[in-house]
Amino acid sequence: ELGFGAWEGCTGAELRRRDPGCLARFYHDPIANPPAGAEPLEAFAGRVIPAWEEWIARHEGRHLLIVTHAGVMRAIVAHVLGMPLERLFRLQIANAALLPIRGGDERPPALVLESIHG
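The numbering of the sequence shown is our numbering, which starts it at 1 and goes up by one.
The reader is advised that the hints may include incorrect statements.
Here are the computed distance ranges between Cβ atoms for each label pair [as the list claims (entries may be wrong)]:
1) ARG102 with GLY37: 34 to 40 Å
2) GLU53 with ASP19: 15 to 21 Å
3) ARG90 with THR11: 19 to 25 Å
4) CYS22 with VAL67: 26 to 32 Å
5) CYS22 with HIS63: 36 to 42 Å
6) ALA13 with GLN92: 18 to 24 Å
7) PRO20 with GLU54: 21 to 27 Å
8) LEU111 with CYS22: 29 to 35 Å
9) HIS69 with GLY103: 33 to 39 Å
It should be emphasised that the hints constitute simulated quantities derived from the structure, not laboratory data. Cβ atoms here follow ideal geometry from the backbone N, Cα and C, with glycine treated the same way.
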């Protein structure tokens, strides 16, 4: 998961009390407005994406289940969709979310949006 530096262990309310605009600035552009001491998003993606590509290559043609944090899921989705890292937090991923990504058949990986009817 992404290291949040000085924000580690703090609630949103605590951060808003310290600096009322910090969360809005961060979510608008996390690269230009990181928390003090946070891991740069470029470094985070530099760890996540090579691992993702290695897993995909190692398990080519097979199903693969990866259990991870939402930040890692965001980085993978941004990579698959060609999204800039500045927009990473525009992806809202719920707890215990499933994120199917399909590839193969000479096609690049694609995010699969599924509907559950009940």
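* Asked: For this structure, which hints from the list above don't hold up?
  -> Hints 2, 7 and 9 not satisfied by this model.
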